[in-house]
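Chain A is already provided as a structure; the job is to place chain B on it using the hints.
Protein chains: 2
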Amino acid sequence: MSEDRGFVEELSDYEDDFDRWYVEVVRKAELADESPVRGTRVIRPYGFALWENMQAELDRRIKETGVQNAYFPLFIPQSMFAREAEHVEGFAPEVALVTRGGNRELEEPLVVRPTSEAIICPMYARWVQSYRDLPILINQWCSVVRWEERPRAFLRALEFLWQEGHTAHASLEEAEERSRLMLEVYRDFVETELAIPVVPGQKSESEKFAGALRTYTIEAMMGGKKWALQAGTSHNLGDHFGKVFDIEFLDAEGQRRFACNTSWGLSFRVIGATIMVHGDDRGLKLPPRVAPIQVVVVPIWRREAERDVVEEAVARVRDALTPVARVFVDRRDDKTPGWKFNEWELKGVPLRLEIGPRDVAKEQVVLVRRDTGEKQPVAMAELATVVPELLSEIQAGLFTAARRMLDDNTVPVTTYVELQQRAADNAGFSRAFWCGSEACEAQVKIETKATIRCIPFDQPGTTGRCIVCGGESDAQVIFARAY
Amino acid sequence: MSEDRGFVEELSDYEDDFDRWYVEVVRKAELADESPVRGTRVIRPYGFALWENMQAELDRRIKETGVQNAYFPLFIPQSMFAREAEHVEGFAPEVALVTRGGNRELEEPLVVRPTSEAIICPMYARWVQSYRDLPILINQWCSVVRWEERPRAFLRALEFLWQEGHTAHASLEEAEERSRLMLEVYRDFVETELAIPVVPGQKSESEKFAGALRTYTIEAMMGGKKWALQAGTSHNLGDHFGKVFDIEFLDAEGQRRFACNTSWGLSFRVIGATIMVHGDDRGLKLPPRVAPIQVVVVPIWRREAERDVVEEAVARVRDALTPVARVFVDRRDDKTPGWKFNEWELKGVPLRLEIGPRDVAKEQVVLVRRDTGEKQPVAMAELATVVPELLSEIQAGLFTAARRMLDDNTVPVTTYVELQQRAADNAGFSRAFWCGSEACEAQVKIETKATIRCIPFDQPGTTGRCIVCGGESDAQVIFARAY
Numbered sequence: 002m003s004e005d006r007g008f009v010e011e012l013s014d015y016e017d018d019f020d021r022w023y024v025e026v027v028r029k030a031e032l033a034d035e036s037p038v039r040g041t042r043v044i045r046p047y048g049f050a051l052w053e054n055m056q057a058e059l060d061r062r063i064k065e066t067g068v069q070n071a072y073f074p075l076f077i078p079q080s081m082f083a084r085e086a087e088h089v090e091g092f093a094p095e096v097a098l099v100t101r102g103g104n105r106e107l108e109e110p111l112v113v114r115p116t117s118e119a120i121i122c123p124m125y126a127r128w129v130q131s132y133r134d135l136p137i138l139i140n141q142w143c144s145v146v147r148w149e150e151r152p153r154a155f156l157r158a159l160e161f162l163w164q165e166g167h168t169a170h171a172s173l174e175e176a177e178e179r180s181r182l183m184l185e186v187y188r189d190f191v192e193t194e195l196a197i198p199v200v201p202g203q204k205s206e207s208e209k210f211a212g213a214l215r216t217y218t219i220e221a222m223m224g225g226k227k228w229a230l231q232a233g234t235s236h237n238l239g240d241h242f243g244k245v246f247d248i249e250f251l252d253a254e255g256q257r258r259f260a261c262n263t264s265w266g267l268s269f270r271v272i273g274a275t276i277m278v279h280g281d282d283r284g285l286k287l288p289p290r291v292a293p294i295q296v297v298v299v300p301i302w303r304r305e306a307e308r309d310v311v312e313e314a315v316a317r318v319r320d321a322l323t324p325v326a327r328v329f330v331d332r333r334d335d336k337t338p339g340w341k342f343n344e345w346e347l348k349g350v351p352l353r354l355e356i357g358p359r360d361v362a363k364e365q366v367v368l369v370r371r372d373t374g375e376k377q378p379v380a381m382a383e384l385a386t387v388v389p390e391l392l393s394e395i396q397a398g399l400f401t402a403a404r405r406m407l408d409d410n411t412v413p414v415t416t417y418v419e420l421q422q423r424a425a426d427n428a429g430f431s432r433a434f435w436c437g438s439e440a441c442e443a444q445v446k447i448e449t450k451a452t453i454r455c456i457p458f459d460q461p462g463t464t465g466r467c468i469v470c471g472g473e474s475d476a477q478v479i480f481a482r483a484y
Numbered sequence: 002m003s004e005d006r007g008f009v010e011e012l013s014d015y016e017d018d019f020d021r022w023y024v025e026v027v028r029k030a031e032l033a034d035e036s037p038v039r040g041t042r043v044i045r046p047y048g049f050a051l052w053e054n055m056q057a058e059l060d061r062r063i064k065e066t067g068v069q070n071a072y073f074p075l076f077i078p079q080s081m082f083a084r085e086a087e088h089v090e091g092f093a094p095e096v097a098l099v100t101r102g103g104n105r106e107l108e109e110p111l112v113v114r115p116t117s118e119a120i121i122c123p124m125y126a127r128w129v130q131s132y133r134d135l136p137i138l139i140n141q142w143c144s145v146v147r148w149e150e151r152p153r154a155f156l157r158a159l160e161f162l163w164q165e166g167h168t169a170h171a172s173l174e175e176a177e178e179r180s181r182l183m184l185e186v187y188r189d190f191v192e193t194e195l196a197i198p199v200v201p202g203q204k205s206e207s208e209k210f211a212g213a214l215r216t217y218t219i220e221a222m223m224g225g226k227k228w229a230l231q232a233g234t235s236h237n238l239g240d241h242f243g244k245v246f247d248i249e250f251l252d253a254e255g256q257r258r259f260a261c262n263t264s265w266g267l268s269f270r271v272i273g274a275t276i277m278v279h280g281d282d283r284g285l286k287l288p289p290r291v292a293p294i295q296v297v298v299v300p301i302w303r304r305e306a307e308r309d310v311v312e313e314a315v316a317r318v319r320d321a322l323t324p325v326a327r328v329f330v331d332r333r334d335d336k337t338p339g340w341k342f343n344e345w346e347l348k349g350v351p352l353r354l355e356i357g358p359r360d361v362a363k364e365q366v367v368l369v370r371r372d373t374g375e376k377q378p379v380a381m382a383e384l385a386t387v388v389p390e391l392l393s394e395i396q397a398g399l400f401t402a403a404r405r406m407l408d409d410n411t412v413p414v415t416t417y418v419e420l421q422q423r424a425a426d427n428a429g430f431s432r433a434f435w436c437g438s439e440a441c442e443a444q445v446k447i448e449t450k451a452t453i454r455c456i457p458f459d460q461p462g463t464t465g466r467c468i469v470c471g472g473e474s475d476a477q478v479i480f481a482r483a484y
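For the record, the sequence lines run as chains A and B. According to my numbering, the first sequence is numbered sequentially starting from 2. According to my numbering, the second sequence is numbered sequentially starting from 2.
Honestly, the hints are just simulated from the structure, not real lab data. Here the structure is a predicted model, which is why all the values come from computation and not from measurement. Mixed in with the good hints there might be a few duds.
Just so you know, same-sequence chains aren't split out, so a pair can sit in one copy or run between any two.
[What the hints assert, rightly or not] Calculated cross-link-like contacts (lysine-lysine; reagent style DSS-like; alpha-carbon spacing at most 27 Å): (1) K336 to K376; (2) K363 to K341; (3) K209 to K363; (4) K64 to K29; (5) K341 to K64; (6) K64 to K336; (7) K209 to K64; (8) K446 to K244.
Next comes chain A alone, as it looks inside the complex (with noise of 0.2 Å):
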């Protein structure tokens, strides 16, 4: 009966089409849908589920750091968002305008928060007197709107879900040490979690935040077209918004000072890059960590007669696994096991559990992973040991096999000819020595489409030549297109 798979939701090719083939996944594995509003998306149960399951780890691990969480207004105030010159000018192109309210044209317009910094720093300079007011360690979650000329779903949205963390401390030192924390706290909950390896570092001076003093960043490397995703950034802001917005304290020796701050944010679209890290032919594969559903029971009969009994072993591998898994059983009689066999696939279950009247009479079931297709027979008794198990044997190949991607993709490169024939052929990651000057980083950019997409913190410790230039260099950076 497996064989019979019924209707197939043909999917575009991964390797042949892959942009296609995400537009696809999305669409039909019910992660989301396209909205009324251009460059919007509606958020359907099945990817708002996983969203629910990629917060709750993070903001467990982001609570455990100190950090408390809060809700600042949507709207900030022209004239406020204005007053850091650097943050303003680089948001400004993007933002949303309300300029009418209650029926009345509005004396000043406000915009629509594409981050926060701007609203919550003037708060900050109310709550913070002293050095014992500090530091201020707050999260929230929330979505900003980002007016975005070429939308893409979880990618690039013109409004998105994510949580911005922003603190205020007493010193630049401080500051710094949080910057670092927080991008350490990303790199384990998408590696974790997500079972996406990624590579930490420092972004350049042209890609770094608008108005921070530096920025880190996760840089992950997606299927298909080997391309970058920024996955989360973090960044030490020193004193300038605390400068511009006034958080002055008076530290322990009676001196008055500035604080420092730091922001640092991850957005939904981790949701992209967890699809086009470890999706196939065959539609998503989920990290079991995060899946909404972990097991998908597919009951299995064809005469009434056998329905009894199949139902009974169901409602018994239900309970056995409900303690230590999320279960759901697909009981819909509209649909062929096949079908459905294609659909659970298509949404990424990791296990898939058949049980049919044989099965029953064997007191087993049949249980087979989406990530290797593997099937086998497992006895019913050992289910609520076995599952558990398989989940991290699944959750751990997935990080192995993405690794792997990463590793074999990331080359060190020495000539130009060869950065530029590897940007061309979507090739990966190509990790070279650069001088450091932005009129060699614009170069590549222009003439291969690859930015810097981070100055590793790992380092080889010795110094080059700029791939562009020639000139001396201390420090390698990965180029690579990015989405």
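For chain B alone, kept in the frame of chain A given last:
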């Protein structure tokens, strides 16, 4: 030492100046702060932690009824918003409009959602073809914007946090059942978690949701002026939105029909209710089940030699209580114990735990209840048993006191003069027969400022005379002033 309370944050008198008391408690207990945007507030970590606890409990209950979370866009095209006539008429005066984005005037302004029926129903129309696609049961947690001329923290805000559930059904009966079910979820949540008794009932035609067939509500009585607060509403929308937005489906007999919808919402105004129902002259009294901190530990020592002894005991106490309660140890060394006692009373922490050197010698601590002020020594070995018991007692005690306040101030009224007098005196809820005419309802509103809060489900089962016109009536209603 506990007598020396140091600096006391003076609050306005709870009985004499309730409105000012409310504003001060919100600010001084650090629940929320004013923001630079008129009509909005910043929800500070202590207030937000309270909201997170409420969210967790309500979210769990909502999901238990089969509802899934999702996320729909913040913006609604103006023409789409305008499709349901009553709906737009009700909300148009309150909307905020985005007219510019990405440095351009928009061809069509976007409404910032005041509620999401008009963006969700078009999606349901896309997802529903057959009766097999029904019901759709979706909820979202988000912020919404309604231009508010008389803002008041948590109660009326230009932007507020809430959940809004939206369902679609194959029949009106099923929609009715769902709208009643969700009201019951709200009643259970508010009474069980927030210890606030409510009167469930139906709204009059003039008070129902713009576009609804019927609106159900739970109404609570606040302290102080004994005004009513609408704590949650659930709407049976009939097929009004189904027809306007074309949510059409083929039923089991192959006939084309329109889906029936419900929507239901509960906002962070229940934080306002929690403040106003349980508070007193000293500040907040938070119900233990949702209190961010259930037990605050205040170590008491004078000389350094005592400090180590006390700290060692504090560590043991914290370890013993952490598995059974949310515990916070207040180790600030620039505040006296008395100052801390005041602050935690203001912040409404249900239990205070004091430990000094003499307590340590006796292997005991002193527990002080926020609700009764009662002090009792408790052996350290018994803490993990006694604390959960006391928290349950406090939760039950708060509910009983609130129930008494509601019952004592809900009075059957048979003459119009009495109704007027009670409204003028802020005397609470008046229960009276009403003939159902909008004219009588409007007269009461104009002459007394009291409105019909609801037609309670719980009716005497007899008929009577309308309190206004003397006409025949088969239902009593609750008249009250409302926030």
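The hints, checked one at a time:
1. In this assembly of identical chains, the alpha carbons of K336 and K376 lie at most 27 Å apart only when taken from the same copy (22 Å versus 65 Å across copies).
2. Taking identical chains as interchangeable, the C-alpha atoms of K363 and K341 lie at most 27 Å apart only when both belong to the same chain, with a minimum of 24 Å there against 66 Å between chains.
3. For the identical chains of this complex, K209 and K363 are neighbours neither inside a copy (61 Å) nor across copies (59 Å), given an alpha-carbon limit of 27 Å.
4. Only between protomers do K64 and K29 lie at most 27 Å apart by alpha-carbon distance; the minimum there is 24 Å, versus 35 Å within a single protomer.
5. In this homomeric assembly, K341 and K64 come within 27 Å of each other (Cα to Cα) only across copies, at 24 Å, whereas the closest approach inside a single copy is 39 Å.
6. For a Cα distance limit of 27 Å, the shortest separation of K64 from K336 across copies, 26 Å, qualifies, whereas the shortest one inside one copy, 44 Å, does not.
7. Only within a single protomer do K209 and K64 lie at most 27 Å apart by alpha-carbon distance; the minimum there is 26 Å, versus 41 Å between protomers.
8. In the homo-oligomer, the alpha carbons of K446 and K244 never lie at most 27 Å apart, since the shortest distance is 34 Å inside one protomer and 52 Å across protomers.
Hint violations for this structure: numbers 3 and 8, all remaining hints satisfied.
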